[in-house]
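Engineer: One-letter residues, chain by chain:
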Amino acid sequence: MFRYLVRRTLWAIVLFLVIMFVTFVIFFMAPNNPARAICGGDQARPECIELATEKLGLDKSIVEQYRRFIGRLVPVSTPYSHGSFQTPHFKTPSLGTAFATSEELNTTILKAAPVTASLVIGGAVLWMLVGLAVGIYSALKPRSLIDRGAMVFVLIGVSAHPVWIGLILSYFFGVKWHLTPIANYANFFGAPADSGLPGGPWQWFYHMILPWCTFALLFSALYVRMIRANVMETLNEDFVRTARAKGAPERRVLFSHVLRNALLPVVTMLGMDIGVALGGAIFTEGIFQLPGLGRTVLLGINNQDLATIQAVVVFATVAILVFNLVVDLLYAWIDPRIRLS
Amino acid sequence: MALLEVKDLRTAFKTEDGVVQAVDGVSFSIEKGETLGIVGESGCGKSVTCLTIMGLNPKRNTVSSGQVLWKGKEILGSKPRDLRAIRGDEMSMIFQDPMTSLNPVHSIGKQLVEAVQLHRDVTTRVARARALELLKAVGIPKAENRIDDYPHQFSGGMRQRVMIAMALVNDPDLLIADEPTTALDVTTQAQILNLMKRLQQEFGSAILMITHDLGVIAETADDVLVMYAAKVVEQANVDDLFRRPQHPYTWGLMGSLPRLDADVERLTQIPGQPPSLLRPPAGCRFNPRCPYVMDVCKTTEPKLEGAGHDPSHLQACHLDQETKDREAAKLLAATMAEAG
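Those protein sequence lines, which keep their order, are chains A and B. All the letters of the first sequence, read from the start, carry residue numbers 0 to 340 under numbering that gives the first Met the number 0. All the letters of the second sequence, read from the start, carry residue numbers 0 to 339 under numbering that gives the first Met the number 0.
Bound conformation, chain A alone (with noise of 0.2 Å):
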């Protein structure tokens, strides 16, 4: 166990390395000149693009720019003076600052990340409460009503897109019937208390209602579907029938014998997918302008700005890492025919 997590972590640390170094090569094979940015694009002055180059690092070379932004990231630092390596300390990891802002990328990412996390998080809960209900529903009923309406909702689900789902929900339950708000994100612990924003739970969840809504509906299609379809396989399963046969009432059959089963997968799809939309949900997060990861990462790319993109990925990352991590021993808890080793 402790020789498999050693091992896990130690290939997440490759992988690691290895996608900032591709972030860093597919930011300079684009037609990208973060200095000219910074200087106001085409009207830019020789001079401040110059000073912007050195200033940024960005006359040094890719690998040694990329040796750099490791070096900062790395807890420990051995400082190299007068030809001789001093004794390691360690220091706090650093983002480093945004090119176009100059602000610590540190304090940006933990300003986004709760955001982004409570889109993220309450998305999933809503829809996994979908998903089980209307899937298991749909397994154990097939050809009902509401399973072919679940079917239906599947359909629209896959097919449409956030950012229109987005609008229309902003559009009738925001502007015309008053029920929701249709942007900016309210803090769970109250707002700084000159900002006049609001804050605290109710108000959080009062402004997530729409962006939740609108991020969970394609994954609730899709879980729906996956739900219903493991379900109505592991219904078919002889252990199934075995229960029967002992005599267990169908409530129990369900619970204990087809569910532990069939939301096998269901567990790894969630931890995946959760880690992955930590790096952001882009478009959920423009539509309603929440201040969380997406929207970071956006505003970088359009100021092509390597240092705040390179620092969501680095966020990113470490969230699917951990993420597959932690499936892979949640996995082996709950079905006892998978042994890390």
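Worth flagging that the hints you see were computed from the coordinates, not collected in a lab.
Below are the SDA-like pairs computed for lysine to any residue, each with C-alpha atoms no more than 25 Å apart in a straight line:
| id | chain 1 | residue 1 | chain 2 | residue 2 |
| --- | --- | --- | --- | --- |
| 1 | B | Lys109 | B | Lys141 |
| 2 | B | Lys109 | B | Asp96 |
| 3 | A | Lys59 | A | Arg35 |
| 4 | B | Lys58 | B | Lys78 |
| 5 | B | Lys109 | B | Glu143 |
| 6 | B | Lys13 | A | Ala228 |
| 7 | B | Lys141 | B | Gly156 |
| 8 | A | Lys110 | A | Thr179 |
| 9 | B | Lys13 | A | Leu144 |
| 10 | B | Lys72 | A | Glu249 |
| 11 | B | Lys58 | B | Asp7 |
| 12 | A | Lys140 | B | Thr14 |
| 13 | A | Lys140 | B | Gly76 |
| 14 | B | Lys109 | A | Val239 |
| 15 | B | Lys13 | A | Glu249 |
| 16 | B | Lys13 | A | Thr233 |
| 17 | B | Lys58 | A | Val252 |
| 18 | B | Lys58 | A | Leu258 |
| 19 | A | Lys140 | A | Leu217 |
| 20 | B | Lys78 | A | Val239 |
| 21 | B | Lys13 | A | Met231 |
| 22 | A | Lys140 | B | Leu75 |
| 23 | B | Lys141 | B | Gln152 |
| 24 | B | Lys78 | A | Leu139 |
| 25 | B | Lys13 | A | Arg147 |
| 26 | B | Lys78 | A | Ser143 |
| 27 | B | Lys58 | A | Asp237 |
| 28 | B | Lys109 | A | Asp237 |
| 29 | B | Lys78 | A | Leu234 |
| 30 | B | Lys13 | A | Pro141 |
| 31 | B | Lys141 | A | Arg336 |
| 32 | B | Lys302 | B | Ser275 |
| 33 | B | Lys72 | B | Leu2 |
| 34 | B | Lys297 | B | His317 |
| 35 | B | Lys109 | B | Ile146 |
| 36 | A | Lys59 | A | Leu72 |
| 37 | B | Lys58 | A | Met231 |
| 38 | B | Lys109 | A | Leu329 |
For chain A, the structure is supplied; the task is to place chain B on it using the hints.
Structural biologist: Positioned in the frame of chain A, the structure of chain B alone reads:
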């Protein structure tokens, strides 16, 4: 009063292609402690017969009629709650494929304990002790250490032993065994059959043994039902069936038994496949494959009636008694000659 009496049982499945009459007028009875064998090819309705008795057919598309009397009480179509009280307690079942019949995510101990606690209001400790007792009885080595293992940690034969233990844990009056040895290799088959025979004596359960293997029937059964295409074609005491088989289908089954002791170049086989139960042939259902087919077989369905030598030996064939006796005698002579 018979333990289980089945009268004119019919089960039909509605499918997209039409109605499949999977069991068509089957009657038999089992006495306490007796073993009844049902033999026939795949798809002849053996398994559906048992599932109907147990009430385990899917409700949505199944229609059953006739009578299933359990200890004199009608149970066909009775309330799910009443059926559940019988299932796994008075009447239990083991299945063909032990590899898939146990839940992979629960330990075998947990599954056995569940079987006990579904019917007995006992603590988990008591139920576990009972489970352990049964695991020992079915010959699981080091049962104390293995009770918390999961199904994938057992071999096929061991899993079937676990299934048997689970079926017997509540001391049932009837054990329905649906091809219990089919998925196992030959040496394991013999062990499982011996185990079942031993446990039958120990527990005094009646057994309904479903198989396609006449060898298994000869080993275990007291009475035999030969089924073909959803119908009973012959029904007799096991000795009488092997001594004087009356139906060409039974002859075919016997001719296709492999023998280790005889110098046979190849096994004889029944030509063709069993008919589709969506549109069974008119007249005798065996007529398209029967080497003795006559004109009457294609139009008139033979009745299941007593054979000439013994009215309790039931058979459904239009052939005259002389031919039947001659063929039966030939088959017996061949068998005797082989046996030396």
